[in-house]
Amino acid sequence: MDIIISNILSPQFIYTILRVSTPLVFAAMAALVVRKSGIMCIAFEAMMLFAALGGVVGSAYTQNLFVGIVAGILSSVLIAVIFAYFVLVLKSNPVLTGLALNILGSGGTVFALFVLTGNKGTSSSLRSLRFPVVNIPIIEDIPVIGQIFSGHNSLTYVSLFTVLAVYILIYKTTLGLRIRSVGENPHAAESVGIKVVRTKVIALMIGGIIASFGGMYMSMGYLPFFTRDMVSGRGFIGIAAQNLGGGVPIYTLIAALFFGSADAISNVFQTLRIPAEFMQMLPYVVTIIGLMFVGSSNKDSKEKTKKIKEIKGETT
Amino acid sequence: MNVDEKINEYILVMEGITKIYDNGFVANKNIDLRVKKGEIHALIGENGAGKSTLMKVLFGQEQPEEGQIIYKGEPVSITNPLKALELGIGMVHQHFMLVPSLTVAENMVLGIEPKKRGLFDFDQAVKLTKEISHKYKLPIDPLAKVMDLPVGFKQRVEILKILLRGVDVLILDEPTAVLTPQETEELFVQLRELKKNGFTIIFISHKLNEIMALCDRVTILRDGRVTGIDDVENLNEKQISRMMVGRDVMLTIDKTAAKPKEKILEVKNLHYVDQYGKHVVKNVSFSVRKGEILGVAGVEGNGQREISNLISGLEGFQLGEILYKGNSVVNKSIRNLREQNISHISEDRMTFGTVSDATIEENLVSDRFYKKEFNKYWLFNNNYIKKHVNDLIKQYNVKCDSKDALIKTLSGGNMQKVVVAREFSLKPELVIANQPTRGIDVGSSEFIRNKLVDLRDDGAAVLLISADLTEIIEVSDSIAVMCEGQIVAYLNNQVHVSEEELGEYMLGLKVQTPQEIEKVMHYEES
Amino acid sequence: MKNLEKQFKLLRITIAISSALLLALLIILFTSSNPFQTMFDFLIGPLTTVRRMGNIVELMIPLLFTGVGVSIMYSAGQINMSGEGAFFLGGVAAAYVAVSFILPSGIHPILAIAAGGLVGAIISVIPALLYLRFNALPVVSSLMLNYVCFFLGLYVINYMILDPQAGYLASWEYPKSAILPRLFSVTRIHAGVFVAIALIILGYLFLMKSKWGYSIRMIGKNPNFAKYSGIKVGYYILLSQLLGGAIAGAGGAIEQLGIYNRFQYQRLSGHGFDGILVAILAGYNPKLIPLATFFLAYKRTGADIMSRTSDVPIELIFIIQAVIIVFVAAERFLEGWKHKRIVQRSKDALAAEEV
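Protein chains in written order, with my numbering: chain A, 1 to 316; chain B, 1001 to 1526; chain C, 2001 to 2355.
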């Protein structure tokens, strides 16, 4: 028990939370922007997988990180655009379309990897690049704080910055206002000449860009190569975090960190004598429990119960 | 005056407009509309006559199959609302086109947002809102959230919104449907003011008195065709109404005097509070007797829906008492209520009354499919069901290709007949009919009203909830009037009740004393 | 009007399938070094030997189970993805019963399959419970649940029925008493095929011709209407998910006892997701599931042959599946064509009326 406690209280543990939460934060922020535009999209898994592959392949062939990033972003945005075309133009069922694209993400990346490089399942033979680790001057020398906040992969810092960027986008820009309006009342937006479909496509593409960093973090940060199905549900956990956060950027961040800590605990505890399977299960179990807290809207609201009590008081 | 000049006095001409919807419904057939500059032009017709469709075509929300639009002398193609706004045509929709969680100022500038350093300039939006509201003397609080505003103010935001965009032609789609008489009067003052400022207004309505009071000229539609166009002063209400429905509106239903017997439904001290904590139904008591039709009149949204949903079991029960044949039916399952011969026509036939993606057959059996005669061992008894359903289709005059046609391919009137066929065919003892004829054609309405009277004569108790005063007066034996969640009047309809009188109660201008209202419980008989 | 709807649906599915195949052929053309041989293997390969034709049927059996299971679950309007986890854990449960108990031949497989069905039912009802009680999105919760099932299954294999001599993660070999008999010597087609045929018939009668199926379908199409009509919405949602999960779980069990001699899945098998594709293609109607399953199994076999004889990987099949789903789900696809037909009809009617 002591080991557990000392493990959890250690700076390394909090460092690990930030490390494993990074892809979740990206996924959750992508989900948030898309959700605000009123679209039910579950294709982030596919976006992230394609970005993970695109980044690896792009950077391996050119040995240029920037080209890798562009390739990763474009791969992810391509999925977002396909989703947009089918759901918004051809009016496909969004859940089925998302499902189809996730199947495509799972098989298509393996297929593409093989066709492009001849590798089966993993890209370990490719000399792909990684995002650099950043040591923050001054902070890195502060005990505890330095251990927690310094020395992360650069994308971890980008993910936190993304939360701020998404906040500004949604609440402080014209585009954000339009995204919210098409999400809440598309007819109203349309009646003042806002192009509803176009606005939703833009939201999806922004979502695709944000999600792509989550995918690239997996293959160019968290691990140094691409492997089959390496996103393993993080896109979905992002959606769950967005739900739990009620569409508010900062709460969504907290929810993502919460799910991340389940992942971190499973990492820490793997050294203990608990079957590894249970530890690997933990993040998913926690996500399911998290979902239970999101939608308790089946019950009566506080205002309602209060008012009913009031009336009862008057009549008796 | 030569021909060219005559054309120029029209700011807007729509010629030969035909619009066919995807379910094959022809909403507009070769319609011509000519609007003069600076006039208030009424577009009048019954529900489903094609008014809204024609305006959607004008505003670029629907594309017509045939016809052309000439605006300010030029043929134009209006492919989307933005195009319409750019040309100077704005529309205030029946269902407000506002984003509830945004502020008034944000709603005002949506689509033409002011910017500062790349970001949205909220302060400028507030300033613009204040300016335009001052200019046209339509005061509004720019910082209020739209969802917190009363209806009249929401409409004001809508009008200001299109004025801000610099339009010349305003289309108002049934603007008075949601307003109180005071708000309506206020709106008329505003519209006359706008007319003085040179705006052209197209005013859609099906209320004759409003047209007579406000408009200069009128175009009358019936069944997607134009049946008349003239200056309002050349016409009287009777003439217009004949063009609207093809005969005098005074529908008469053959009805003998009611012979009410024992109480079937008793509602005592009923309350309902919604999710937002709003007290929607306030201490309502009434009773309906066997062999009588109790009409509940009122502007929609004054608690009638909640009452009908509480009695029929759709809404979770909170406070009060509901007795059916003397026994409480509170918190009973809907199936249990239906098995006790309570039937319910929901006001919303698309959400509750039907499944649009299912066949007529599937829609007709939804309350009885589990019964013994409909099943043979573990499977459906197809022969019996087929015969039963075909009988109902015939009996209730549902126009369709076959019982296997999908509900969504039917017209509104036929859809409602399917609902009515289901709800009326199991010998109901209590019928809750909520807006049973809303938005359907005259023929179907008359059919359904007659059926209600037949049911009463067969000994059913009928609770008829309707916003249509003609229907209430025509069908009901006695009338309760609701306003703001309360019953404010109880009238015996055996003697004549006037629409004006009902209107005064509905709008809260008049309230009966508690003693007068108490008669709605029929204590004297029991 | 109804005919037109039907015609339109059929056309859409045909175009979806052919465009997916066309895309596959294009991909082969550009990626294979010997494209025409590869195309031949992919398209005609499954018909070249009896063994390969047998392969098609072998592949069909589990998909018939997940296809029917998913049809029942989706008919109630629940986008529940847990068929995958149910199939996997159903197989694990069957493996556990197979290797842990000594039972006579007739009873052993029945008990194992029942265990699979029970586990599957429990899995699939969870997302529905969470939805009804907490309003939790079934898509997300069921996908998370699949991971939980996967790790739970691995745990059972690893800690309870692991054969350390196997040299890889696998259970003990199934005893003879538990295995389903094979029907033909050349192929692996097993007795499970009879269960599958019975399931199609019963599934069809249940879903399309009984009061229970009617209730489920009405809920799926409009839950408000179902409630208003007096149908117990929550009850039937749970029932449909329980049944669907049980069928998927039993399918997983039958697959284990019919095809394999020990539990050796290292990953989720994908049968649950394939079941979704099959169910969508069949429009959730069990009657059409054999056809949809045949199509998928045929393509699978072709892709398998192709991947062994050529340089194009089997994952091509995923691309085909994805394309088919999106096109079949695309409601407005071909809408222009449909609208024109309808307008023409109405105009004719109008003209006739005017005369």
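Errors might be hidden in some of the hints.
Under the rule of at most 27 Å between Cα atoms (straight-line distance), these lysine-lysine pairs were calculated in the DSSO-like manner [to be verified]:
{"#": "1", "chain 1": "A", "residue 1": "Lys304", "chain 2": "B", "residue 2": "Lys1371"}
{"#": "2", "chain 1": "C", "residue 1": "Lys2009", "chain 2": "B", "residue 2": "Lys1376"}
{"#": "3", "chain 1": "B", "residue 1": "Lys1387", "chain 2": "C", "residue 2": "Lys2176"}
{"#": "4", "chain 1": "B", "residue 1": "Lys1408", "chain 2": "C", "residue 2": "Lys2176"}
{"#": "5", "chain 1": "B", "residue 1": "Lys1325", "chain 2": "C", "residue 2": "Lys2232"}
{"#": "6", "chain 1": "A", "residue 1": "Lys172", "chain 2": "B", "residue 2": "Lys1127"}
{"#": "7", "chain 1": "A", "residue 1": "Lys307", "chain 2": "B", "residue 2": "Lys1278"}
{"#": "8", "chain 1": "B", "residue 1": "Lys1387", "chain 2": "C", "residue 2": "Lys2287"}
{"#": "9", "chain 1": "B", "residue 1": "Lys1115", "chain 2": "B", "residue 2": "Lys1154"}
Keep in mind the hints are simulated off the structure, nothing from the lab. Computed from a prediction, not measured in an experiment: that's the story for all the values here.
Tested hints:
In summary, the hint linking A/Lys304 to B/Lys1371 is not supported, as the alpha carbons are separated by about 38 Å, beyond the 27 Å threshold. Only pairs whose Cα atoms come within 27 Å are accepted, and C/Lys2009 paired with B/Lys1376 is rejected, the gap being roughly 32 Å. Taking the CA atoms of B/Lys1387 and C/Lys2176, the gap is about 55 Å. The hint is violated against a cut of 27 Å. With a C-alpha separation of about 56 Å, the suggested pair B/Lys1408 and C/Lys2176 falls outside the 27 Å cut-off, and the hint is violated.
Our distance criterion of 27 Å between C-alpha atoms is met by B/Lys1325 and C/Lys2232, whose separation comes to about 25 Å. Between A/Lys172 and B/Lys1127 the CA atoms are separated by roughly 17 Å; this keeps the pair inside 27 Å, and the hint holds. With a C-alpha separation of about 8 Å, the suggested pairing of A/Lys307 with B/Lys1278 holds against the 27 Å cut-off. Note on B/Lys1387 and C/Lys2287: the hinted pairing holds, with a Cα-Cα distance of about 25 Å set against a maximum of 27 Å.
Simply put, B/Lys1115 and B/Lys1154 have alpha-carbon atoms about 25 Å apart, close enough for the 27 Å limit, and the pair holds.
Violated hints, in rising order: 1, 2, 3 and 4; the structure is consistent with all others.
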